[in-house]
Amino acid sequence: MKTSIINAIIVGFVAGIKVAEACGGNYDNCRCTMADGSIANEITGAACRAYNAGAKLDAGATAYTVWAQNNEVTYCQGGTTGTGEGYVPVDSCAMLSYCVGAGATGTDASCMSPQ
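Positions -22 to -1, 1 to 93 (mature numbering (1 follows the signal peptide of the UniProt record, and there is no 0)) are the ones given, in order, by the sequence shown.
By construction, these hints were calculated from the structure, which means they are not laboratory data. Note that the Cβ used here is the ideal one computed from N, Cα and C, for glycine as well. Any given hint could be a false lead.
[To be verified] If you anchor each label on the Cβ, the simulated ranges turn out as follows:
| hint | residue 1 | residue 2 | range |
| --- | --- | --- | --- |
| 1 | Met12 | Thr40 | 24 to 32 angstroms |
| 2 | Gly62 | Thr85 | 20 to 28 angstroms |
| 3 | Gly38 | Met12 | 31 to 39 angstroms |
| 4 | Asp14 | Gly64 | 20 to 28 angstroms |
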């Protein structure tokens, strides 16, 4: 009996960690995903523009701007705040929220280069 309770606690703990990992962390760039795992370029662009507008950055800021690699894959990238305060990464939880708001159906934002 004790073993099954301990196993249940361990399984619950591991499941909790996996859920936490689905959203969290700061990255150089992120993309929006659909439920089937595909990348949604147009939605990523819309989400990134909304992220930028919501951040209330100063003039000259480069944070939360749309970047298209080889004019094919769209990313929302981190950058500066415009005040010279340094680099601002993309928060994956915030990006996921903007992705869903723009129409993405995926359960996570696809992010690269952790900070």
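Checked hints:
| no. | hint | in the structure |
| --- | --- | --- |
| 1 | Met12 to Thr40: 24 to 32 angstroms | 27 angstroms, holds |
| 2 | Gly62 to Thr85: 20 to 28 angstroms | 37 angstroms, violated |
| 3 | Gly38 to Met12: 31 to 39 angstroms | 34 angstroms, holds |
| 4 | Asp14 to Gly64: 20 to 28 angstroms | 37 angstroms, violated |
In summary, the numbered hints that this structure violates are 2 and 4.
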